[in-house]
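Assemble the whole structure, with the sequences as input and the hints as a guide.
Number of protein chains: 2
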Amino acid sequence: MGKTLTSRAENYSLWYNELVIKADLAEHSAVKGCMVIKPYGYSIWEKMQAALDKMFKDTGHSNAYFPLFIPKSFFSKEASHVAGFAKECAVVTHYRLKNAPDGSGVIVDEDAKLEEELIVRPTSETIIWNTYRGWIQSYRDLPILVNQWANVVRWEMRTRLFLRTTEFLWQEGHTAHATSDEAIEETEKMLNVYADFAERFMSLPVVRGRKTENERFAGALDTFCIEALMQDGKALQAGTSHFLGQNFAKAFDVKFATKEGKQEYVWASSWGVSTRLMGALIMAHSDDDGLVLPPMLAPIQVVIVPIFKSEEELNAIRKVANEIKSALVSRNISVKLDDRDTHKPGFKFAEYELKGVPVRIAIGPRDLENKTVEVARRDTKEKSLYQITDLEIKIENLLEQIQKNILDKARNFMNVNTYNVDSWDEFKQALSEKGGMIYAHWDGTSETEEKIKNETKATIRCIPLDNPAEDGVCVYSGNPSKQRVLFAIAY
Amino acid sequence: MGKTLTSRAENYSLWYNELVIKADLAEHSAVKGCMVIKPYGYSIWEKMQAALDKMFKDTGHSNAYFPLFIPKSFFSKEASHVAGFAKECAVVTHYRLKNAPDGSGVIVDEDAKLEEELIVRPTSETIIWNTYRGWIQSYRDLPILVNQWANVVRWEMRTRLFLRTTEFLWQEGHTAHATSDEAIEETEKMLNVYADFAERFMSLPVVRGRKTENERFAGALDTFCIEALMQDGKALQAGTSHFLGQNFAKAFDVKFATKEGKQEYVWASSWGVSTRLMGALIMAHSDDDGLVLPPMLAPIQVVIVPIFKSEEELNAIRKVANEIKSALVSRNISVKLDDRDTHKPGFKFAEYELKGVPVRIAIGPRDLENKTVEVARRDTKEKSLYQITDLEIKIENLLEQIQKNILDKARNFMNVNTYNVDSWDEFKQALSEKGGMIYAHWDGTSETEEKIKNETKATIRCIPLDNPAEDGVCVYSGNPSKQRVLFAIAY
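Here the protein sequences come in this chain order: V and W.
Following the working numbering, the residues of the first sequence are numbered contiguously, the last one being 713.
Following the working numbering, the residues of the second sequence are numbered contiguously, the last one being 713.
Calculated from the structure, these hints are not laboratory results.
From a predicted model like this one, the values you see are computed outputs, not experimental measurements.
Hints should not be assumed to be uniformly reliable.
Same chains, same names: a pair is fine if it fits in one copy or spans any two.
[What the hints assert, rightly or not] Okay, derived cross-link-like pairs now, DSSO-like style, lysine-lysine, Cα gap no bigger than 30 Å in a straight line:
| no. | residue 1 | residue 2 |
| --- | --- | --- |
| 1 | Lys481 | Lys631 |
| 2 | Lys477 | Lys577 |
| 3 | Lys320 | Lys704 |
| 4 | Lys472 | Lys320 |
| 5 | Lys566 | Lys481 |
| 6 | Lys547 | Lys704 |
| 7 | Lys276 | Lys577 |
| 8 | Lys299 | Lys650 |
| 9 | Lys616 | Lys541 |
| 10 | Lys254 | Lys472 |
| 11 | Lys650 | Lys269 |
Rendered as structure tokens:
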């Protein structure tokens, strides 16, 4: 069928690339570094968006839309932001094409050069804070709790579908507050929303933590993140939430009158997740036969495949299959009945395994007689015979069970691949033999962090929030440390 | 309050601009021609999106996502497309900035010049058909029914919020079919979806028709459109649906094997509506006090305003107000209870009128005694006393009635401002005195069309689909004509 995947053990990276293509999730486009998200992949993203959007609105946020383009000069206004961001980006310099004099096609019209170049947004803090200046006069205008769903562009030299692409889709929350405490509370709240989303919808356990100074967002006073573990032992940053202090308010002169009538700079947070979550979802759960999707994000939750030899058998099965489909749909389960007679059941089984459909129901002539169906779970590959009575309730329960099982499995994998190490040798050994998440003492200096990175490629993913204080010595320098931090090799 | 609008009679154009700003729908950004869509405006757009997206999915379409950038050379591949489109657009020429040597900020890194310039998509036919080449081999791969929600950029010199902006948000459907008939059927089906959406959700009656050759989409064999009438007598094109024939399939070499094994070019349609619909919605229904929103697109359908003198009164009213709110919410009505004690009722009334909230419920101390509330309709300004019993059912009915009334009013306005004219004098007189939609005979030539446009600014909005054949003579040339066409001055 040409759909067999390289196994994970053989080549994890190749397995991932093949899976993304063969499961019809995304593909490379004619524009270097930019992907096409195909309908099946996009429908998973839509489910993520819908769940996140509801969580944002339930926590008081509204959506808005800001321009794709940012004047170049805006990037120079926040000193650390420009250092971290404004370099690798798409620059619009002209606004017109014209016919080539030799008739060979179109060329850039040099007469249509912009006075100031426009940057395609790599993130929107600058244009948004420039806008907020007009929205905020008094404490009564605060807080502003705004989110934007948008495309952004960061010119990447080495790209991978979903994980790192030049253009990607994301959401970026940008909030404005009267006090530092409120902004920090918001930053932490949204981190928890992300962690909750990852666990409840993606069945993905995450470590919540704080970035080191080195890894902080350009312009932030503090960056929080959620980190997940992939099956190859590498960590993946799945979302970030930044406390921006008054940096952007100062850069764009956004002040408000306090209740007491004083003028003060506004406090800010920003937070985002992107189509990178698609990569995390795929890499965390899938197997050598294809995608494994948590039912809450599966575009098709149940597929029904008739097993038949004759047109007559198919018609009899189709009748029952449609009844089952209706019963499932009435419980908000998304169902596909694949009654094509152009493909064999085995072909269909492999296709839906590849696409990660959580539950497969097969119905043959004998099932009709016995009032049974064969139910196969994608996550465990178990098959069972189900009585047809109350099937929709049984399937509903099964979907919940699958959702939970995928999370349990991932959590177990993370636990098994998480190590406390106490010496440099142990550190290097754990990393090279097993990968995974390594909790080790660190002396708190950027210098040590850099050296460890250079020697092992491992980075400090975060200073975990749930980690107890614990006296120890840095595995690298031997200097004193108050808390273990999370090291891993990361995507 | 600074929220009073210029009246429509005084200056319709100014009234529109002020309304968009003062009702918090959108504003100009720091980037020339690009707007910021504010949370209140965006929430109306979200309701439009949700309704349209459901209609697209109910008619078998899926969403996908294609790159923001299009290689310049793609625009030269379809001859008429390049003529119509590739001229006024944003051109990306570089992919990196660097620090200015003099420390003055960032400048474009001339070493990071793209080999081939990238165009920010003005529309996506070219990149999508280049992609479809890989998706289509056989008739079994057809039809492809894909839609994309995206931002697009067309460099406009004269912009107006929502109506004409350099960047705008839209959806673009791109479908691929095995036969011409199927592609035409799709083109017409989506035109009807747009007309249906305009009438059912926007309360906006439209004329469905076919564009003349002059006004056709660049690359289309046939362009269909829906045209609406604004209160100033100008027409507004609210959506288009194009039959593209095999033009893009030929330009990008997209062929399929028929059932008989022959290689044939694929047939195409494309169709789109944009944030321009926001402009149509605002201009069609609103009045000198502000927005008038059809309930189905209103972010807040009902606002409850307590009328009180003391904290004690407020508390008593708040209790009842919250009960009413819960009862309404349980029927999926979106409700805001504005119990702020920092603003007077009169201020609040004006604010919600400005923002077009369809129903206002006021509750005072006497209402508590009498178990009544005062209900005010935004569309007619009528106020009535309602018994509180079963209020949620009465309000639900009222919202339906308002939705219908707004449509009826707009339909009536369109009827009153639609004229059949039979001579050139009548034509000019109708146009200059009343504006509106003018049905007149036309000889079918681009030459006459151009002359009429130059002399009167009126264009042929469409050749209406529902217009009966009727022999006549062209109002301009006197040559024979088989059908009246729709003329108007247009946005």
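A quick look at each hint next to the structure:
For a Cα distance limit of 30 Å, the shortest separation of Lys481 from Lys631 qualifies neither inside one copy, at 52 Å, nor across copies, at 47 Å. In the homo-oligomer, the alpha carbons of Lys477 and Lys577 lie at most 30 Å apart only across protomers (27 Å), although the nearest pairing inside one protomer, at 51 Å, exceeds that limit. For a Cα distance limit of 30 Å, the shortest separation of Lys320 from Lys704 qualifies neither inside one copy, at 64 Å, nor across copies, at 40 Å. Taking CA atoms no more than 30 Å apart as the test, Lys472 paired with Lys320 passes between copies only; the shortest distance there is 23 Å, against 42 Å inside one copy.
For the identical chains of this complex, Lys566 and Lys481 are inter-copy neighbours only, at 20 Å across copies versus 72 Å inside a copy, given an alpha-carbon limit of 30 Å. Neither within a single protomer nor between protomers do Lys547 and Lys704 lie at most 30 Å apart by alpha-carbon distance, with minima of 58 Å and 52 Å respectively. For a Cα distance limit of 30 Å, the shortest separation of Lys276 from Lys577 qualifies both inside one copy, at 26 Å, and across copies, at 24 Å. Taking CA atoms no more than 30 Å apart as the test, Lys299 paired with Lys650 passes in neither setting, with 42 Å inside one copy and 56 Å between copies.
Taking CA atoms no more than 30 Å apart as the test, Lys616 paired with Lys541 passes inside one copy only; the shortest distance there is 20 Å, against 43 Å between copies. With identical chains, the CA atoms of Lys254 and Lys472 are at most 30 Å apart between copies only, with a shortest distance of 24 Å across copies and 37 Å within one. In this assembly of identical chains, Lys650 and Lys269 lie within 30 Å of each other by CA distance neither inside one copy nor across copies; the values are 40 Å within and 54 Å between.
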